[in-house]
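Guided by the hints, dock chain B onto chain A, whose structure is given.
Residues per chain, in single letters:
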Amino acid sequence: MRTSACAGYSAYKRSGHGMPDPVYFQAAAIAQVLLLLLIPLEILLASGPRFKAEYDTHDTLANVGVSVGSVFFWGILSWLFFGGVTFAYAHRCFDIPFTWWSFLLVFALDDCRYYWWHRIGHRSRWFWASHGVHHSSQHFNLSTNLRQSWTSEFSGLVLLNVPLAWIGFHPAAIALAFSVNLLYQFWIHTETIDRMPRWFEWLLNTPSHHRVHHGSNPRYLDANYAGVFMIWDRLFGTFVPEQADEPVRYGLVKNLGTFNPVRIALHEYVAMARDLMRPGLTWKHRMGYFFGPPGWRHDGRHATTAALRAAEAQRRGVALPAEAAGDKSDRLATGLGTTT
Amino acid sequence: MSELAISIAVNVGLGIALLGILRWKRVGDTARLAGAPEAIELFARQFPAAAGEATLADDGQSALLELNSDGCIGLLQRHGRRWNARMLAAGEVSSAELKDASTIKLKFDDFAWPHTQIRIGDADVRLRWLQRLQALRARHA
Chain A
1 MRTSACAGYS
11 AYKRSGHGMP
21 DPVYFQAAAI
31 AQVLLLLLIP
41 LEILLASGPR
51 FKAEYDTHDT
61 LANVGVSVGS
71 VFFWGILSWL
81 FFGGVTFAYA
91 HRCFDIPFTW
101 WSFLLVFALD
111 DCRYYWWHRI
121 GHRSRWFWAS
131 HGVHHSSQHF
141 NLSTNLRQSW
151 TSEFSGLVLL
161 NVPLAWIGFH
171 PAAIALAFSV
181 NLLYQFWIHT
191 ETIDRMPRWF
201 EWLLNTPSHH
211 RVHHGSNPRY
221 LDANYAGVFM
231 IWDRLFGTFV
241 PEQADEPVRY
251 GLVKNLGTFN
261 PVRIALHEYV
271 AMARDLMRPG
281 LTWKHRMGYF
291 FGPPGWRHDG
301 RHATTAALRA
311 AEAQRRGVAL
321 PAEAAGDKSD
331 RLATGLGTTT
Chain B
1001 MSELAISIAV
1011 NVGLGIALLG
1021 ILRWKRVGDT
1031 ARLAGAPEAI
1041 ELFARQFPAA
1051 AGEATLADDG
1061 QSALLELNSD
1071 GCIGLLQRHG
1081 RRWNARMLAA
1091 GEVSSAELKD
1101 ASTIKLKFDD
1111 FAWPHTQIRI
1121 GDADVRLRWL
1131 QRLQALRARH
1141 A
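Respectively, the protein sequence lines represent chains A and B.
Per the working numbering, the first sequence starts with residue 1, numbered consecutively.
Per the working numbering, the second sequence starts with residue 1001, numbered consecutively.
Same shape as in the complex, but just chain A:
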């Protein structure tokens, strides 16, 4: 599992950027290790008839391999996160004390930040090249948590953390909020839990909502980006419920044929580089391949969410839900130019 933001913060602090190191950080680190113990527990439960969880040895070991790389690159690049946040904090607008109420506030705001970070990570190929690694397994279990990007700090989306520090939230509070958010998301990567109580499903992210998020069925693509509070998806029109009549097919639209962690971590960058080097492209086309939605093509033969939904709807002769707003970014991308 990836080093928590808290641990990264501690390392950053010791490098000469002295700031308080709350005891909560140690609690977050302990919680992280305890959560890892849930993986063998799920495997053991799944070996009986009552619980559903599909593990495969190669897939699980690939997840661990990707995790090792993710931890390594987070360790050497986390200064980008903390450097930006502490710089912004040094030029803050307000002095917001690190108290229980300010933590609740920063937690809610950081969760909104997470929603947009996640949504951008799915809608633009440069960011998808980083985040898509987490979606590349065709299995869905607690070990899927381990399959994390190697390049999330490098992609540039760490800048989304800066505004909270600029407002005046302490970097330690931001790091703790980020860590608690990621720790919450651990338990939702499972098939062993069907549904939570109705109020819980309405308010919070759950295994059911997150299964949809990991689905490659056209109906489920680009939906349920929430970290903790499901209200962001409901508010911004990206919520899609899990349907009993449509089992989730996990993975990518075009799945990988490898368990090699390096290929898993870098596959979309290689595909993007190949697309960018196609002969005869205009700069507008190159921008489309770089920033357009995943599946965008310069010749108009898109495999974007909107195109896949349209094809599925035509095949079935029914309309698929249009609320998952992938369609909007697709329309934006077609403005980048196509030659059909």
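What the hints contain is simulated information worked out from the structure, not anything from laboratory work.
Don't take every hint at face value.
[What the hints assert, rightly or not] Within a straight-line C-alpha distance of at most 20 Å, the following computed SDA-like cross-link-like pairs (lysine to any residue) qualify: (1) A:K254 / B:R1132; (2) A:K52 / A:R195; (3) B:K1025 / A:P49; (4) A:K254 / B:K1025; (5) A:K284 / A:A303.
[Said to hold, decoys possible] A few chain B positions that, by computed beta-carbon distances, are all more than 12 Å from chain A: (6) A1005; (7) I1006; (8) D1058; (9) W1129.
All C-beta atoms, glycine included, are put in the ideal place defined by N, C-alpha and C.
Frame of chain A, contents of chain B only:
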């Protein structure tokens, strides 16, 4: 750096522990094709318009499909507990050769799916598929 070293060590330790548990509980490694109709059905889940005849590998972990349209070959390959389907058109196969007496080894021009191998015991069937796949490669070359 100590946090980084500890985190990596925790991951490696976790990997070893999970490998032990997965082996102990004999998890996974269960997906096998029961027959040609199943291979065609699984292939059609990813390519709904596809239809043709399937040849199963001896180990039931992959199948080659002679598709009715476009001169394409379909490949169905086990990936963990799931199945990957792929249309092999001219340009998809960079190399097709015999790895040993009964195994065809295919290399693809694809970073995310670089190679695969298919074991076919029947010599005539194996040779026919090898020629078809090499022809696909020759068309590209």
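How the hints compare with the structure:
A C-alpha spacing of about 25 Å is found between K254 of chain A and R1132 of chain B, which places the hinted pair above 20 Å, so the restraint is violated. Proposed proximity of K52 of chain A and R195 of chain A is supported: the alpha carbons are some 13 Å apart, at most 20 Å. Our distance criterion of 20 Å between C-alpha atoms is met by K1025 of chain B and P49 of chain A, whose separation comes to about 13 Å. With a C-alpha separation of about 31 Å, the suggested pair K254 of chain A and K1025 of chain B falls outside the 20 Å cut-off, and the hint is violated.
For the hint linking K284 of chain A to A303 of chain A, the alpha-carbon distance of about 18 Å falls within 20 Å, and the restraint holds. Not every beta carbon of chain A lies more than 12 Å from that of A1005 of chain B, the smallest distance being close to 9 Å; the non-interface claim is violated. Not every C-beta of chain A lies more than 12 Å from that of I1006 of chain B, the closest at about 9 Å, which undercuts listing it as non-interface. Residue-level check passed: D1058 of chain B sits 20 Å from the nearest beta carbon of chain A, beyond 12 Å.
Listed as outside the interface, W1129 of chain B is consistent with that label: its C-beta sits roughly 18 Å from the nearest C-beta of chain A, beyond the 12 Å cut-off.
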